[in-house]
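**Q** Residue-level listing of the chains:
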Amino acid sequence: METLTIDNLRVEYRSRAVGDPVKTAVRGLNLRVAQGEVFGFLGPNGAGKTSTMNVLLGFVPPTSGTARLFGVDVREPIARQRIGYLPEQTYYYKFLTAEELLRFYAEIFQIPKAERTQRIDAVLKLVELDHARTRQIKTYSKGMQQRAGLAQALINNPDLLILDEPTSGLDPIGRMKVREIIQRLKSEGKTVFFSSHELGEVETVCDRIAILHQGELKTEGRVSDLLRQHGANLEQIFLKIIGHPLQP
Amino acid sequence: MNTIWALAKIVVLEMIRRKDFYVLFILTVLLTGMAGSVNLFNDHSIVRYLKEICLLLIWVASLVIAITCTARQIPMEREQRTIFPLLAKPVTRAQFLLGKFLGCWVATGLALLVFYLFFGVVSASREQHWPVLNYLQAGFLHWLMLGIVIAATLLGSIVFAAPSSNGTICFVCVAGILLLGRHLNKVALGLAEPLQSLLYGIYFVIPHLELFDVRDLITHNWDLIPGGVMALAILYAATYTAFLLTAAWLVFRRRPLN
Amino acid sequence: MNPAPALLAALAFATALATGGRLLVWQAERVPDTGSVFDLLLGESRRAFAMHAFIKADAYFHSGFYPSVFDLAQVADRNKTHLEESIKSAGNEHHDHDAKPAPARDWLEAFGNHFHPSQHRHLERFGDEREILPWLRLAAELDPQRVETYTVAAFWLRDRLNKVNDAEQFLREGLRANPQSYEILYELGRLYAENDRDVPRARAVLELAIERWLKQEARKADPDKQGYGQILAQLADLEERAGNLDRALAHFARLKQVSPAPETVQKRIDELLARQGRPR
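Sequence lines, in order, name chains F, P and H.
Numbering-wise (the working numbering), the first sequence opens with residue -16 and increments by one.
Numbering-wise (the working numbering), the second sequence opens with residue 9 and increments by one.
Numbering-wise (the working numbering), the third sequence opens with residue 214 and increments by one.
Hints are computed from structural coordinates only; laboratory data are not their basis.
Be a bit skeptical, because a hint or two may be false.
[Claimed, not checked] Sample of chain H residues facing chain P (criterion: CB under 7 Å; computed from the structure):
no. : residue
1   : Gly277
2   : Phe283
3   : Arg318
4   : Asn326
5   : Phe328
All of these numbers come straight from a predicted model, not from anything done at the bench.
Just so you know, even glycine gets a beta-carbon here, dropped at the ideal spot from N, CA and C.
Model the full assembly from the supplied sequences, consistent with the hints where possible.
**A** Pasting the structure below:
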């Protein structure tokens, strides 16, 4: 069963200035992500990854084509009921504690009161923020904030997690912890769709990847197949696909 | 409704944890106290000037709280990127706007409650009577007026990028309406056509915020406003608030967030 | 290098300094130093604020009802506030005003009239007049040269609030700021005559008021006859009560010349002559 489906997706941005050309961020993208997969969405800056994610999350309407989550068009808010999203470098309501933040998101998902506290306890334990649950987020380190972000993405026990550069700006220990959490989610049968520039990490964690360049899908497949097919590591494959000259 | 209320609670919590309200309240108390400590012909039962000053400070403080609190909501959500994880959840943009509106309105309502309690204490300390119903009516009308102001500021925060420019425009418009709104028809009658019709048109279109300003009635101990008139005032405020919120939603619903 | 711009700038700077200095000297000569913080902060604009405070007192006198500047623009005589009018006609409660508000121009105005004082009404309870005092005090602080502030405040203080000492103190304060004011002297004379019953003091002050009036107003094309008449009437009453009928007759005779109702004054003269047993 497919969790995420993208068909002929095109995303254009019109400039406000008269006469400026329309900027095409995504051109005819087709993508399928199956349930339980960890899917790496790769590409250099400006490739169209964030635009695609923005469409999936309903932030930007598609110019043409469709995107569906669990078979529901992403333009319907209900499509986001079963997903968790961790944006890149997000600052949460700093005046809230982690517990209050999670309670707020739990209310939005309309998690029953009795279940709410259990769920908050569980995710705080998972991201190892249990000890700091009553401290305001403004007192957290960057790594702790990122983990709080991960906790909010998990509060509704989502079937699909969309992670935008989840390890960006974290120290090695922070990265390792995030990686561990992704592995754990994978073992629980969750689908993870994430973008990253850390190709080593992607190689370790992902089942399948897609590489996007200038808004077009350049390649897609299982990591092991690609490595075998190209006879190189993921970084070399990536640079070759986007047409960057390889270092000797 | 749960989603809207959850969003609103965050705004209320923000106001409680920020210093704005406390600073304005302390300023109001200090300035009223200073005005009350002036010796006026050795008469310590003079109260109306004190009521007027206190109410003026409450009005200014409430407008500052309402406009600044509302003007920063959406720009701050975007700037701090908190809007992304929020709208990535099953929250519609209409719910988001309504939650923000309700939060700002409830937050200013709570602030008003504290301010009017203080006003009641000031007034009772010299007048030896406490017309609670009149104060409740004045506070309620004040709150209705702030509802219109908050809805207008929310619309402004979507149209104008910077909270400072939105706040300034809102302050100027609100002050203009409060001071001149009631007199536009008289000014219009003194003008030649087509200016007369134009100004008269503006007079009927603008939300007459000054309708909800019953400070003079409170200061000079006038009677309660009749129930029927109050019902019409509620309808008037609800119509403008709904119109402004709908306009905000129409602008915001298709706006890309990237 | 062309020295012309620098020379021009230096010349402009010197002119500005010289003009500024002259203006400061001119202002110091013309504007009496009140030593008030308002003078320092607001300069001459304090007079406008004082006017506003005085109007505010008038609005308080009407329990918050007061026509706006837009309403006043349609009224011919807007120089006198209602508060002053009511004092001039003291003892006569039916001074001139429209008891009925102007009809609303549209439904919105009619609706809006429920939310602000829109009916002409005066302070109702005895002693409520104290509420106008803060604004008169402020008006005096802002503009000590505004004579009406002192006379109006003193009237209410002594007439309704029984604060004769405060009224006298305020009038003396006004007199220090306006030593030539016959209006303040008149009000002070009334206070001595009506409240303190101190005839010699009242006489001295009222005669001084007449002296000041004659000095300031007599040669004017349109002198303040009403003010003069009030002083004379007060003085005549005072002498009559003190039993100095000749003096009272002399004042009534002068009053008859300026009074808008000479026949009424003549009646009083006739009464006094009858009491003296002299032919009319």
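**Q** Each of the hints needs a verdict: does it hold here or not?
**A** Structure-based check of all given hints:
1. Because the smallest distance between the Cβ of H/Gly277 and any Cβ of chain P comes to about 4 Å, under 7 Å, the interface hint for this residue holds.
2. Look at H/Phe283: its Cβ gets to within about 4 Å of chain P, closer than 7 Å, so that hint holds up.
3. The beta carbon of H/Arg318 is positioned within 7 Å of a beta carbon in chain P (closest approach about 5 Å), and the interface hint is therefore held.
4. A distance limit of 7 Å between C-beta atoms decides the matter here; for H/Asn326 the minimum to chain P is near 10 Å, and the interface restraint is violated.
5. The beta carbon of H/Phe328 is positioned within 7 Å of a beta carbon in chain P (closest approach about 5 Å), and the interface hint is therefore held.
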